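The whole structure should be built from the sequences, with the hints applied where relevant.
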Amino acid sequence: MPRLVAQINGFAMGKDTLFTHPPQQQFEFNESVAAVFDDMLARSVPYYRESLTLSAELITRWVAPEASVVDLGCSTGNLLLLLHKLSGGSLRLTGVDSSEAMIAQAQKKADALGAPIEYRIADVNRCDFRQQQAVCAHLLLQFIRPPKRLELLRRIHGWLEPEGVFCFSEKLTSDHKKLDRLLIERYLDYKRSMGYSDYEIARKREALENVLIPYSAKENEQMALDAGFSHVECIFRWNNFATFWAVK
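Going by the numbering used here, the first residue of the sequence shown is number 1, and it counts up by one from there.
Hints were generated in silico from the structure; no laboratory data involved.
This one's a predicted model, so the numbers in the text were calculated from it and none came from an experiment.
Fair warning: there could be bad hints in the mix.
To be verified - What follows is a list of derived Cβ distance ranges for each label pair:
#1 Leu150 - Asp198: 33 to 39 Å
#2 Asp123 - Arg92: 32 to 38 Å
#3 Pro116 - Leu188: 25 to 31 Å
#4 Ile213 - Arg49: 21 to 27 Å
#5 Pro214 - Asp128: 25 to 31 Å
#6 Asp128 - Arg181: 40 to 46 Å
#7 Glu57 - Asp180: 26 to 32 Å
#8 Ala202 - Pro146: 20 to 26 Å
#9 Tyr47 - Arg126: 29 to 35 Å
#10 Glu209 - Leu182: 16 to 22 Å
What the hints assert, rightly or not - Capping the alpha-carbon separation at 25 Å, the derived lysine to any residue pairs in SDA-like fashion look like this:
#11 Lys191 - Arg203
#12 Lys218 - Ile184
#13 Lys171 - Asp123
#14 Lys204 - Asn239
#15 Lys204 - Leu188
#16 Lys148 - Asp226
#17 Lys178 - Ala242
#18 Lys204 - Ser193
#19 Lys204 - Tyr190
#20 Lys148 - Arg126
#21 Lys171 - Ile184
#22 Lys148 - Lys178
Cβ coordinates follow ideal geometry from the N, Cα and C atoms, glycine included.
Structure (structure tokens):
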């Protein structure tokens, strides 16, 4: 078995063994998930740290010093900690997540590093912000019900200042059936290489059914354009995961 990633942002991670037994319900971002979420991301999302680091590096170079940046669906705060570090603590950072357990984990990290990050427990569909230079949403939109996604992107567009940026990452589908099947097969191979058994992989897919609903790259880009963004571009992609950069 390959050496698994041991930490993110310097914090040790509990190992994800949630799906070694049959799930009792649909996937939820509860305390059990929050406790192992960093390990789950590191082993389930290819190049997770690389895509997150690239996003943070580009954001800190794009925005002005002391700019306001919001991370929607911030989970355990990994992106915000990278932004804090790369900006030298100059950015005004806010993280939003509907999971109290995730926010609790994020706050522990911020407190340990003395990072003055504001965290809010809230539904991203009901948040309201103004004068942001950047808004992030990594692996969030796929969990928003499709009828509500465009509405959320329009609201995010309204929060941003001119030339503000919306940076988001998503799991993707392909419009070509054969390619889509091959992309899924390759992704499953990746998860096996990270130590997940076929049983765990199957159980997690079952738990996420009708909870995680991915779009294609074209659909994500068109949705951002329909929301009012003037430029949308993929800045990172591996197989069926991508990060997009949308400019107001």
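Legend entry - Those earlier numbered hints the structure runs against, lowest number first: 2, 3, 22
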